[in-house]
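Enquirer: Each chain, written out:
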Amino acid sequence: MYAAALVLAGCLLLVATALPAWLAHVDWPRRSPALALVLWQALGLAAGLLSLALLTTLALAPLGDTDLDALGHLGGARWPTVAFLVLAAAVLLRLLTVLVASTARTLKARHENRVLVDLVASRNLLLRGASVVDHDVPLAYCLPGLRPRLVLSRGTVELLTSSELQAVVAHEQAHLAQRHDLVVLPFVALQATFPAVPAVATAQAEVALLVELMADDAAAHGHDRTQLARALWKIGTGGAPLGALGLAGDDVLLRARRLLEPPARLGLPARAGVTLLALVVAASPLSALVVPVLV
Amino acid sequence: MWRLGDLERTVMQALWAADAPLTGRDVAAALARPDLAYTTVLTVLTRLEKKGLVRRDSAARAHTYTAVASREDHVTDLMQQALGHAGDRAAALQHFARTMTADEAAALRAALDEV
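Protein chains in written order, with our numbering: chain V, 102 to 396; chain G, 12 to 126.
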């Protein structure tokens, strides 16, 4: 059982520090964003499960050589077992409550905004039913959910040419259709749970960027990439009050350069390798069950 | 076919256009839509009150209704919500682009000019 704890701790160290650092540093996620996203999801899932498995294994280790054996001797548990089990339960509880609270806050913010959008915006059927708000500041965003809204300001409609506008609408529609909000949500919650862990902040920022790249690619499918890059420039310099949106989030410049000079998609062997890595990472918590049987 | 959302907007427009608080009957008259039952108008007003968009005054014999804020105020609210970039907001709304710094804008301009 202590061998299993050692393996789990090693995996956790890799999954929570080395692999995120590597994934944020390398260049290929720009070439195959969807694949990189899957790997981030595997890392996030594995980090959570490995933490819980490690604590549980440490709790059960003094009681027996395998999990089953240890569970049979739970009656003889002493304080370290109780302490580790309480800790495991606390971690699980905290992860779940933050996820629920974060989801609730997001849904509330979306609902409040949608009420206002429906109240004051007019629907433009030429722009696939986008809601247009009568305001000068250029703005383009979507409200995901069961009743999604694609919101543009009059400033955006006036600033962009028709083809640029269609490309922006396609970008936002890709967010809505591929439910990128659901992809981002767990990572926002994870960051709310562990605000001080660098890898978690990195993961959240990278995932936010990757869904933008995916939406860019989807929009570039039926529209001109250059038009989308121009739209990025126009909206990014269109006079929104500086500071309000000035926080670095998605990297606009990186996206624009990628649109102007699209990188080749990752080759098949590399894609297969990354897929295998994601599978291994996602399966790594199972070592809690396998290792005690083998050793 | 009228969606309730459209009805809510129409009722709000009637309230915004009015100088004084309106009764349910005033609103129904202002809409000038004979196909809308008075009770439907009241239902919409109650919904709008629940949403915090309309204030009901019960002092008079017939209840009167006023818009809580002007259309312009709501637009300002909406823009502030949309431009706010706190964590939850960022997750709630998916923006197309953020404001660029001067350096970023210059770099992108140069890249666009090369195309």
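Just so you know, the hints here were simulated from the structure itself, not pulled from any lab data.
Bear in mind the structure is a predicted one, so any value in this text is a computation, not a measurement.
Note that CB positions come from ideal geometry on N, CA and C, so glycine has one too.
Each hint should be verified, as a subset may be incorrect.
Claimed, not checked - Far from chain G, by Cβ distances over 12 angstroms, these chain V residues were calculated:
#, residue
1, A104
2, G165
3, Y242
As the list claims (entries may be wrong) - Result set (SDA-like, lysine to any residue): computed pairs, CA atoms no more than 20 angstroms apart in a straight line:
#, chain 1, residue 1, chain 2, residue 2
4, V, K335, G, A43
5, V, K209, G, A117
6, V, K209, V, P287
7, G, K62, G, A117
8, G, K62, G, D46
9, G, K61, G, G95
10, G, K61, V, K335
11, G, K61, G, R44
12, G, K62, V, P287
13, V, K209, G, A25
14, V, K209, G, T34
Enquirer: Run every hint past the structure and note whether it holds.
Expert: How the hints compare with the structure:
no., hint, in the structure
1, A104, "40 angstroms, holds"
2, G165, "44 angstroms, holds"
3, Y242, "4 angstroms, violated"
4, V/K335 with G/A43, "43 angstroms, violated"
5, V/K209 with G/A117, "38 angstroms, violated"
6, V/K209 with V/P287, "16 angstroms, holds"
7, G/K62 with G/A117, "44 angstroms, violated"
8, G/K62 with G/D46, "25 angstroms, violated"
9, G/K61 with G/G95, "25 angstroms, violated"
10, G/K61 with V/K335, "39 angstroms, violated"
11, G/K61 with G/R44, "24 angstroms, violated"
12, G/K62 with V/P287, "29 angstroms, violated"
13, V/K209 with G/A25, "28 angstroms, violated"
14, V/K209 with G/T34, "31 angstroms, violated"
Of the hints listed earlier, those the structure fails to meet are numbers 3, 4, 5, 7, 8, 9, 10, 11, 12, 13, 14, in rising order.
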